[in-house]
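Each residue of the sequence shown is one higher than the one before, counting from 1 in our numbering.
Simulated from the structure, these hints should not be mistaken for laboratory data. Owing to the predicted nature of the structure, the values given are computational and were not obtained by experimental measurement. Where is the CB? At the ideal position from N, CA and C, for every residue including glycine. Be a bit skeptical, because a hint or two may be false.
Each computed SDA-like pair below joins lysine to any residue, with the alpha-carbon atoms no more than 25 Å apart [as the list claims (entries may be wrong)]: (1) Lys148 - Ile22; (2) Lys148 - Val88; (3) Lys148 - Leu65; (4) Lys148 - Arg135; (5) Lys148 - Ile46; (6) Lys148 - Asp32.
Pairwise CB distance ranges, derived in the manner of DEER restraints [as the list claims (entries may be wrong)]: (7) Arg33 - Met1: 31 to 41 Å; (8) Arg18 - Asp91: 27 to 37 Å; (9) Gly100 - Thr25: 31 to 41 Å.
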Amino acid sequence: MMIAPIPDNEAERMQALRALLILDTPPEERFDRIVQFAAEEFAVPIALLTMVDTNRQWFKARFGLAVCETGRDASFCSHAIHAPEVMVISDATLDPRFAGNPMVLGPPYIRFYAGAPLEVQPGVRVGTLCLIDRRRRTLDDTDLAILKTLRDLAVSEFLDQTQVEEA
């Protein structure tokens with residue numbers, strides 16, 4: 001298992017994450033609906049809206065997973081925030097970054113992962129909207145477009161809420 005490197009703009013990324021005022025807040029229906037729709041649309045057992053914090057990934061919304069956070073060192077999402085577009089891992093058991101990951105070798109037995117980075121400022125990605133499956137799979141161009149649209153909806157909800165709270 002390879003731990004994702006810290007982004008070059010980590011201080012700016014953490015400042016943007018903190019400015020959202022979202023970490024450790026209660027579930028919200030608008031975000032829960034996004035991940036539930038994603039899980040149903042893609043027929044995956046797990047969909048998450050994650051925030052990659054200093055030492056953890058925290059789930060603002062989750063479908064199919066009981067825990068509300070995991071360590072950043074084992075996080076797929078900490079790799080995905082480096083990508084400007086969706087990071088797709090068709091089979092985590094064959095990817096050297098993830099083959100030894102405890103979440104691949106044990107519950108939830110991740111095989112497929114697709115993470116769309118949540119970019120709140122140009123080049124500043126605070127988390128992901130991600131899909132997880134226990135079986136190998138891929139996404140076609142239509143799937144990628146739908147996932148990006150859902151990601152954009154989540155980002156706009158974060159930014160709209162931040163603007164309301166600042167006002």
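Each hint tested on the structure:
1. For the given pair, Lys148 sits about 21 Å from Ile22 by alpha-carbon distance, which is consistent with the 25 Å threshold.
2. Of the supplied pair hints, the one linking Lys148 and Val88 holds, its CA atoms being roughly 12 Å apart against a limit of 25 Å.
3. For a cut-off of 25 Å, the pair hint linking Lys148 to Leu65 stands: about 22 Å separates their Cα positions.
4. For the hint linking Lys148 to Arg135, the alpha-carbon distance of about 22 Å falls within 25 Å, and the restraint holds.
5. A threshold of 25 Å between alpha carbons decides the hint, and for Lys148 with Ile46 the separation of about 17 Å falls inside it, so the pair holds.
6. With a C-alpha separation of about 17 Å, the suggested pairing of Lys148 with Asp32 holds against the 25 Å cut-off.
7. For the pair Arg33 and Met1, the supplied restraint of 31 to 41 Å holds, since their beta-carbon distance comes to about 33 Å.
8. With their beta carbons about 35 Å apart, Arg18 and Asp91 fall inside the hinted range of 27 to 37 Å.
9. About 33 Å separates the C-beta atoms of Gly100 and Thr25, a value consistent with the hinted range of 31 to 41 Å.
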